[in-house]
Amino acid sequence: MDVTVERHDATLVVRPHGRLDSATSPAFEKQLLGHIDGAQGAVVLDLGEVVYISSAGLRVLLVAAHRLRGASRRLIVCGIGAPLRDAFEISGLITIFEVSTSVTDALAVLG
Amino acid sequence: VSGERVISLRSTLAEIPRLAAAIEAFCEDHHLAPELASRITLAVEEAVVNIIVHGYGGAADQLCEVRLARDDDAVRITVSDEAPPFDPLTQPPPDTTAPLERRQDGGLGIYFVRTLMDDVRYRREGSRNILVLTKRVAR
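Protein chains in written order, with this note's numbering: chain A, 1 to 111; chain B, 1 to 139.
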C-alpha cells in the first residue's frame, strides 16, 4: 500500500494504491491524516488505484471525513470503481460522501 | 474441482493478505464470477478480523481456521476459533443512513458479513466458536 500526493493550487489530491484492508489500513490512516494535517483547504481522495477496501479502510475514510468536517474543509472522493462499489453501497458511504467520477471533475467542482 | 480447502491462520492481521489470496484462488478454481469472489473475500476477511481483534484481543499466537467448501448450490465457509464464547450476530447493526456528523467511524465489519452472505449462523462447540457463512451460487 503506497500513497501518492499532488497539490493543485490549494487542493490536496491523495491517491492510495493497492489494498485497503485490516493489514494495510493503519499505515494508510497515519499517512492520510498526516497529509491532511500538513495542509489547509480541500482534499480530493482518489481511489482509482485501490483494488479492494474492507471496513477497516472505510473506517479510515470516516475518520478523515470527520476531521475535515470539523475544520470546515471539503472532501471529495473519486475513482470508486467496480471493486469498491459493494463496500461503499452497503456501508451507506456512497450517500454521505461528496463523490466525483474523476480527479478532473472533483477539481472542477471545487473551482 | 471438488473438495474443501482449509486455511489455518495465526491470530494476527499480518495473515490477512494470505487469507485473501487463498480465498481468491479457491473462487478461481471453482469458476466463480469475480463479483461473487470479491464479496466472499470481503465477508470472510471481516469475520476473521473480528476474531483476531475482538475474540483474541490482540493475542497473536492463537489459531483461527477457515474451511471453504463448494456444494451444488452454495459456497459454505466455516470459520472457527478458540477464543472465549462470542456470538458476533448479537452486535447491533450500524445506522448506515446517518449523516456524517452522527456517523460512527467503525462497526461495519460484522454488518458486511451479514449483508454480503445469504445465511450466517453461530454456534459454540466445546471450546470453539463456529461461524458458518453461506453464499448461494447458481448451478
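Keep in mind that the hints were calculated from the coordinates and are not lab data. Positions of the beta carbon are idealized from the N, C-alpha and C atoms, including for glycine. Possibly wrong hints are sitting among the right ones.
Rough simulated footprint, nothing fancy, chain B against chain A, three-plus residues with beta-carbon under 8 Å [claimed, not checked]:
hint, segment
1, 14 to 25
2, 33 to 46
3, 51 to 58
4, 86 to 93
Verification of the supplied hints:
no.	hint	result
1	14 to 25	holds (count 4)
2	33 to 46	violated (count 0)
3	51 to 58	holds (count 5)
4	86 to 93	holds (count 5)
In the structure shown, a violation is registered for the earlier hint numbered 2 alone.
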